[in-house]
Structure formats: C-alpha cells, structure tokens
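Since the structure of chain A is already known, use the hints to place chain B on it.
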Amino acid sequence: MKQLNSILSFILLSLFVVSCGEDDAKSGDKRSGGAMASNAAERVYVAPGEHDEFYAFLSGGYSGNLTVYGLPSGRMLKEIPVFSQFPTSGYGYSEETKPMLNTSFGFVPWGDAHHPDISQTNGETDGRWVFINENNTPRIARISLETFETEEIIEIPHSAGNHSSSFVTENTEYVVAGTRFSVPYPQEDIAISEMKGNFKGPLTFIAIDDEGRMEIDFQLKMPGFNYDLSHPGRGDSHGWFFFTTYNTEEAHTLQEVNASQNDKDFIAAVNWKKIQEYVANGGGQEIDAEYAHNVYDHETHTATSTMMKKVLTVDPRDVEGAVYFMPTPKSPHGCDVDPSGEYIVGNGKLSTDLTVHSFSKMLKAIENEDFDGDAYGIPILNFESTLAGTVKEGGLGPLHTEFDADGNAYTTFFISSEVVKWKLGTWEVLDRQPSYYSVGHLMIPGGNSRKPEGKYLISMNKITKDRYLPTGPELEHSAQLYDISGEKMELLLDFPTHGEPHYAAGISADKVKANSRKIYRLDENKHEYAATSEDATKVVREGNQVHVYMTTVRSHFSPDNIEGIKVGDKVYFHVTNLEQDFDVPHGFAMIGANTSELLIMPGQTKTITWEPKKAGVWPFYCTDFCSALHQEMQGYIRVSGRNSNTPLTWTLDGE
Amino acid sequence: MKLSGTIMILGSALLLGLFFYPLWNIRLEAPQYPDPLGMDIYIAGIEGEEEFDIQNIDGVNHYIGMKKIPKPEEMWEFNVFPIVIGSMAGLGIILGFLGFFGKISPHLFLGWLVLMGVLGIMGMYDFNSWLLEYGTDLDPKAIIKLTDAEGNPLNYKPPLLGSEKILNFTAHSYPRTGAYMMFVGMFLTLIAWITGYRTVRTKNS
Numbered sequence: 002m003k004q005l006n007s008i009l010s011f012i013l014l015s016l017f018v019v020s021c022g023e024d025d026a027k028s029g030d031k032r033s034g035g036a037m038a039s040n041a042a043e044r045v046y047v048a049p050g051e052h053d054e055f056y057a058f059l060s061g062g063y064s065g066n067l068t069v070y071g072l073p074s075g076r077m078l079k080e081i082p083v084f085s086q087f088p089t090s091g092y093g094y095s096e097e098t099k100p101m102l103n104t105s106f107g108f109v110p111w112g113d114a115h116h117p118d119i120s121q122t123n124g125e126t127d128g129r130w131v132f133i134n135e136n137n138t139p140r141i142a143r144i145s146l147e148t149f150e151t152e153e154i155i156e157i158p159h160s161a162g163n164h165s166s167s168f169v170t171e172n173t174e175y176v177v178a179g180t181r182f183s184v185p186y187p188q189e190d191i192a193i194s195e196m197k198g199n200f201k202g203p204l205t206f207i208a209i210d211d212e213g214r215m216e217i218d219f220q221l222k223m224p225g226f227n228y229d230l231s232h233p234g235r236g237d238s239h240g241w242f243f244f245t246t247y248n249t250e251e252a253h254t255l256q257e258v259n260a261s262q263n264d265k266d267f268i269a270a271v272n273w274k275k276i277q278e279y280v281a282n283g284g285g286q287e288i289d290a291e292y293a294h295n296v297y298d299h300e301t302h303t304a305t306s307t308m309m310k311k312v313l314t315v316d317p318r319d320v321e322g323a324v325y326f327m328p329t330p331k332s333p334h335g336c337d338v339d340p341s342g343e344y345i346v347g348n349g350k351l352s353t354d355l356t357v358h359s360f361s362k363m364l365k366a367i368e369n370e371d372f373d374g375d376a377y378g379i380p381i382l383n384f385e386s387t388l389a390g391t392v393k394e395g396g397l398g399p400l401h402t403e404f405d406a407d408g409n410a411y412t413t414f415f416i417s418s419e420v421v422k423w424k425l426g427t428w429e430v431l432d433r434q435p436s437y438y439s440v441g442h443l444m445i446p447g448g449n450s451r452k453p454e455g456k457y458l459i460s461m462n463k464i465t466k467d468r469y470l471p472t473g474p475e476l477e478h479s480a481q482l483y484d485i486s487g488e489k490m491e492l493l494l495d496f497p498t499h500g501e502p503h504y505a506a507g508i509s510a511d512k513v514k515a516n517s518r519k520i521y522r523l524d525e526n527k528h529e530y531a532a533t534s535e536d537a538t539k540v541v542r543e544g545n546q547v548h549v550y551m552t553t554v555r556s557h558f559s560p561d562n563i564e565g566i567k568v569g570d571k572v573y574f575h576v577t578n579l580e581q582d583f584d585v586p587h588g589f590a591m592i593g594a595n596t597s598e599l600l601i602m603p604g605q606t607k608t609i610t611w612e613p614k615k616a617g618v619w620p621f622y623c624t625d626f627c628s629a630l631h632q633e634m635q636g637y638i639r640v641s642g643r644n645s646n647t648p649l650t651w652t653l654d655g656e
Numbered sequence: 009m010k011l012s013g014t015i016m017i018l019g020s021a022l023l024l025g026l027f028f029y030p031l032w033n034i035r036l037e038a039p040q041y042p043d044p045l046g047m048d049i050y051i052a053g054i055e056g057e058e059e060f061d062i063q064n065i066d067g068v069n070h071y072i073g074m075k076k077i078p079k080p081e082e083m084w085e086f087n088v089f090p091i092v093i094g095s096m097a098g099l100g101i102i103l104g105f106l107g108f109f110g111k112i113s114p115h116l117f118l119g120w121l122v123l124m125g126v127l128g129i130m131g132m133y134d135f136n137s138w139l140l141e142y143g144t145d146l147d148p149k150a151i152i153k154l155t156d157a158e159g160n161p162l163n164y165k166p167p168l169l170g171s172e173k174i175l176n177f178t179a180h181s182y183p184r185t186g187a188y189m190m191f192v193g194m195f196l197t198l199i200a201w202i203t204g205y206r207t208v209r210t211k212n213s
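So the protein sequences, as listed, match chains A and B. Going by this note's numbering, the letters in the first sequence line up with residues 2 to 656, in that order. Going by this note's numbering, the letters in the second sequence line up with residues 9 to 213, in that order.
Because the hints were derived from the structure by calculation, they are not lab data. Quick caveat, the model's predicted, so the values are computed rather than measured. Among these hints, one or two may not hold up.
Said to hold, decoys possible - Listed next, the in silico DSS-like pairs over lysine-lysine satisfying Cα-Cα at most 30 Å (straight line): (1) A:K527 <-> B:K76; (2) A:K519 <-> B:K75; (3) A:K539 <-> B:K75; (4) A:K519 <-> B:K76; (5) A:K519 <-> B:K79; (6) B:K79 <-> A:K527; (7) A:K539 <-> B:K149; (8) B:K79 <-> A:K539; (9) A:K489 <-> A:K424; (10) A:K514 <-> A:K99.
Bound-form chain A, shown alone:
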C-alpha cells in the first residue's frame, strides 16, 4: 500500500509539474518574442553553403542506426546503418554486408542502438571512431569517421540487455559492455524463480587496438543486478569504471514495483587496471562462449563473420581491491563522471535529489576499510564516506548529467521535463529550463571527456506531442538545442530526430571533416568479383549460379545486355562503380529482386542477388540520378526457360 501511495503521489506530482511547465512555457514565449526570437534564429542559422561547427552523432534507438547531425543548425546530414538492414544502400542485403548482422543466433536484421561514444586520446575526443551498443542482441559496433560506415560489430556473449555500454576509457584502451537483464551465466534451463543468486550481470571489457579492432579482453562475473549505465574515470580516476545498478533486489517479476524496494542501489566501482594486470598475468578462467565478430574491410569492400568460441571470465572476488559498491539512492540511472574525474554522479531516477560521490573520498574509504557489509563478497562502502554532496530538489526523475568546461553540470529530469544547471562542489542549482517533453538524454560536445566544448547542449526528448505539424499517431522524437555559453541556458532550436535517440556524442567539426573520405580508390579495390575497367567485365556461369562482373560509369552499365540466364538461376550482380569523382554514386535495381537496391560509391563493389522466376526480358536501371543521361542508364536481361539452350552472352553497344 505504501508503494502504491508513493507511485500515486509521483503521478500527481508529475501532472502538477507538467502543468506548471506549460505556464512557464507560455510566459517564456512572451519573454522570448520579438528581438530575442530573431537573435535565437541568427545563432542557429548556418548560411547556405556554410558548415556547422559541430558534428552530433545521435543514436537511432529502435531504428538500429546512427544519425549524423550538424550543430547548431540541427540539420540531419546522414543516417549510418549499423544494426539494422538498410535497403537504401543495400546494407544487410548485399552479399558483402550480410555478415555484419550475423550473430550466434543467426542473421538478426534489426537492433536497438543506444549510446554512441567517440574514441578518445588523453581524455579528449579524437574523431577516429564512434562506438555504439545494441541492447537487444548484445553487440558493440565501431563506425569509422573516415568513411562514416560501420566497420566492425562484436557480439557480447553471456549478456542480455547490453545497456551500460559502449563507453570508452580515456585513451580508448577499452570500450565496455554491461548487462542490464541479469541471466544465468552461462545460459541454462532453470526456473525463473531461482534467479536470486544464480543469475549474473557480466561486465565485458573490450580492448581496442590502434586500428580500432575490438577483442574481448575479459568478462567480469558480477552479481545479478541490473547494470544500467556507466562511465569511465578520467584524470586521477583513470583506470576505474563506474556502473549504476538497479534491481539489487534481484526481482524477476513486476520489476517496476519489486525492483524499486531498496532505498539504495549501488554504483559499482571497477578498477579495470587491476583486472587488466591480473588477466595479463594469466588470471581468469577461459570458458565456452559463442559470439560473432564481424569485420568490414574497405579494400575488399566485404565483411567477414567469425564465430568465437571462448571468453575469459574473471570472478571479481578473486582480484583483491578490484570492485567496490557505493550505495546510491533510488535506482540510479545515469552514471556520469565530471571532467576532472573527481565526481561520480548517480542520477537516482525515483528521486528529486542527485547523489554525487567523491573519487578521492572513495579511495580513502577503501584504504580505511570503511565498509558497510558486502554483497556476494564484494565490499559495500559506507554511504557517508564516499558522499561528496547532494543536489537538493533539482527536479523530478533525474536521468543523465553532462558537464561544461567551467565546473557546471547539467542534468535532465524526465518527470519534471527540464534541464537543470548546477555547480559542482557547491551543489547549488543555478538555472532550469523546460524541455519539450520528458527529456531523456542530453549531450554537450565533449561533455563526457576531460575537455568539454561547452557551447551548446542538446536535450533528447521522449515525448513530442505538439512540437511539430502533426503526422498521425506516430511522431518522430524531438531534440532541443540550448546555448549554454552564458550564465543562463537559452533555448534556441527544436528539431525532430530519427528513431529514438538514446544519448549522442558531439565533436568539433574541425577534428573530423578533413579526414572524411571522398571516394574509394579503384586501384585499392581488392574485391574478389570487382571489374575495375570495362574490359574486365564478364558473365560466368557456375552450375545454376551466374556471376555478373558489371561496371557503372556515367551513364551506362557494362554489360547492359545479357542473354542466356535461365529460370531457376541465382544471379549475382557484382557491380563496381568506376567513377573516381566525389559524390557520384550509382544505383542498381533489378525488377522483382527479393533483396534491395545497391547504392555503390565511387571505386566500390557491391553484390546483390536475383533469382528470376519467369522467362522474359527484364530491365534493370540506375536508381541514383547520376548525370544528365541518368534516365538512359538501364539495361536488359533475357531470361529463358529452365531447359533452354540460349547461349550466355553479354554486350555493351553490340560489342
């Protein structure tokens, strides 16, 4: 009954706050009318042909993809397919990219993309790669910021709900993948009610090499709590990683109530340097696992999927001083570390307050063995001994915090639908601005590194309602851009986002744009089926498989007439784009193909299959308006009956 009361009062409170928020918004509109409004317009206006100051990489959530935006304009620049099939380019349909979506469960065509994070060097974003996690079928992807394509995906074995991921350490030593839904470790057939003590929440540390290649270094076998979010230490706390937990109750049903019973859950502090050393010295136990490691090569333009069979598991109790729990109130969600690395913020989502732990106090408490019992043999530090301070009455339902370079923190409050600015050290609330509506994540470029570029903040809101022209029941989510360069935050812009952005990562455009590739070099194309000139085009029959080595150049295919294909054949169109000019892709579409189109960048080779079902003459064409003669960029394939003797021929202009 007590719980019911508190839930009810929450609902009432949130209604109250929402209605207050509306009043605020109205008066805000009045205030910001006229001169102010045009001033905001100027500050987000990027003149035609000019470039934005920042790149923002927004997760697409249930779209499975990553979207690229420019700030401050809020213009969407690209959607990068990561965990979901993308018929626009053929990702996940083409023979080359199908292996990218391979998993231990077979081909998974969809994913739930969550938390993008940019690689770092010395605690600063370096613009080499973006990492992003898939929550549903646990995976981590790496996207190149040279090609803006997904280059690698690694599956996380023994995990479920890969949510407290994919955050990188300050020299990109590791990217982590946590477990939100604790599960039997390894999986086994047991009664769900036997969860408590039997389920585990492994935390996986993936080592990144200089080329960005990912390899699971070790998996920490943690108690079966729900590891929700995480961030690395930085500066003095470099070498540690912090994870929020909820459901330390280990409830397995009606979690909204049963996982909300403990007054405090934990932030797990993991000394990964210690475990890295332990593992390097032969520590840990190799256990069976099954997980896919998929790598895309920009020279062969082809992905390969390798099934891995072993993973190194470490029991945290075996490494002295490696893991501690810091009690943190109210099912903390975001786990955010300030630029100095001293403060660890637990965003207790069922609270009005924020709990901030001190790293130096934590070290002292460990030294003094200031413990308050243990959980499954892992020491629990005394709450008071690690507490740096509490931000009182920030709002309702704190979720995430980011930082600027001037010692301020910015926290989103989901229930009261606002962004709140407060001061590190004094814990005093400095400003609050409504967000429309029910803000989830927020992002300041570099705001989770040692060097925030604190000029803008974007909030990513879960509820859109009336912010844009209505588009039926289903709406895109909405983001808001605030100027945070002054004492008070100023709302400058609304823009719709694609999918459901769970977090974003931002970086100065200058760190990225010079490295962005314009073409793939034809002389570096090592695709097995590439035809790098029209002279090399051919059609080869191997039983009922027919390989067409085809080229595109403005404005024709070579060959563009093919005869001798039979019903029942499986035709592989290996299409190489011979162009070596920036932004001249060609498309390829075949009538009735049960696959997708291809969009082939200059110098690239892509393959799509077609299984003709009917005799006849069937056209194909270029789908990208490539040139003045684009409409003429078309061809025919003659399909004969299953047992016909039509000879296999291929021509261009009769030759």
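What follows is chain B alone, placed relative to chain A:
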C-alpha cells in the same frame, strides 16, 4: 661582357624550369564542381591538378563527343618540346659562357632570343590548333549536339588565354610557373643583349 654573359646564362637557364613546372593551366568551373577540375600542361604531358581530374574531365567531355585528353605518347609535341627547350637552354648557356669570356658578339644573344621567339610563337600556334581540334573535332555520335543560331555545331574550344563560358563550365586558361620563368628568362636575355651591346660599344668608342 662578363655581366651580360652572366645574365644570358641565368636567363636561358630559367627555361629549365619548364621541366619541373607547368607551362599552362586550364581550369573548369561549374556549379556542381565547387572544387574545379583542372589540368596542368607541361612540356612533356598533361596532368590533372588533382589526381583524378583528367579522368573526370574526360567523363564530362564524353557527353559532347570530345576526344580524351591525350597521353604523352599520343602527341609528338610532348616528345619534341622537351628536346627543343633543352637545346635552347643549352645553347643559351653556351652562348652566355662564350660571351662571358668575350669570345662572341652580344648580337648572338639577340639571335637566340629571336629564334626562341619564333619557336615560342610556333609552339603557341600549335597549342592553339590542338585546342581548336580538341574543341571542334567531335564524335558524330555525341550524346549532346548543340548548334549556334546559324545551325553550326557549337565550338567547345577553350580559350588560349583568358576565361570563357562553355556550356555550364567556365574555362580559365592561363600561363603557370613554367611559362613565367620562361618569360622572365627571355626578358633577361634581352637585357643581356642590351648590356653586352652597350659594353662593346663603350669599349669600341
């Protein structure tokens, strides 16, 4: 004669710059080419300003039926020009040395300049006629055939010097470092002649 001989050596040696720097450049600007396409014309061949510019100029030109930009082995000029320039530079340097030691009359410097001038004009004439052929000898199966008001096929010849609009492109044709070095060099040989002539006259009077 020492001064004029030195200037003569210097002036004719500047011709050697043509082996390292382009003589001429034609650049094509169009709305969809924010980075213009460009070709650098050297005495021994044509190169793109950017790696793939020649391929891309050929790609654009094929619509109007223009021939591909010639490779060095496809034009005799690219074999002969280096020999001519090399010989003239060598000859000028030898003349300069002989002048330096007072073995020859400075009028030979003028002779060299006149010869160089004649060869230069022949070269420009040849270059212009190549441009004319390139811009008018079009594939009869060209995709785009445009005619002027009188019904004659359009002429796509880029200008020899200056800027001109050709369909969606603006072509800019201007000398480059190699040519400027040559001009300065030729001017220096003129100075060499004048200086030498004055010295000789002073001596004689």
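The hints, checked one at a time:
1. A:K527 <-> B:K76: holds (27 Å)
2. A:K519 <-> B:K75: Holds. K519 (chain A) to K75 (chain B) sits at ~27 Å (cutoff 30 Å).
3. A:K539 <-> B:K75: Judged against 30 Å, a Cα distance of about 26 Å means the pair holds.
4. A:K519 <-> B:K76: holds (24 Å)
5. A:K519 <-> B:K79: holds (26 Å)
6. B:K79 <-> A:K527: The hint holds at about 27 Å.
7. A:K539 <-> B:K149: Holds, at roughly 26 Å.
8. B:K79 <-> A:K539: Since the Cα atoms of K79 (chain B) and K539 (chain A) sit roughly 28 Å apart, the hinted pair holds (cutoff 30 Å).
9. A:K489 <-> A:K424: The given pair, whose Cα atoms are some 13 Å apart, holds under the 30 Å limit.
10. A:K514 <-> A:K99: Satisfied, since the Cα-Cα distance of roughly 29 Å is no more than 30 Å.
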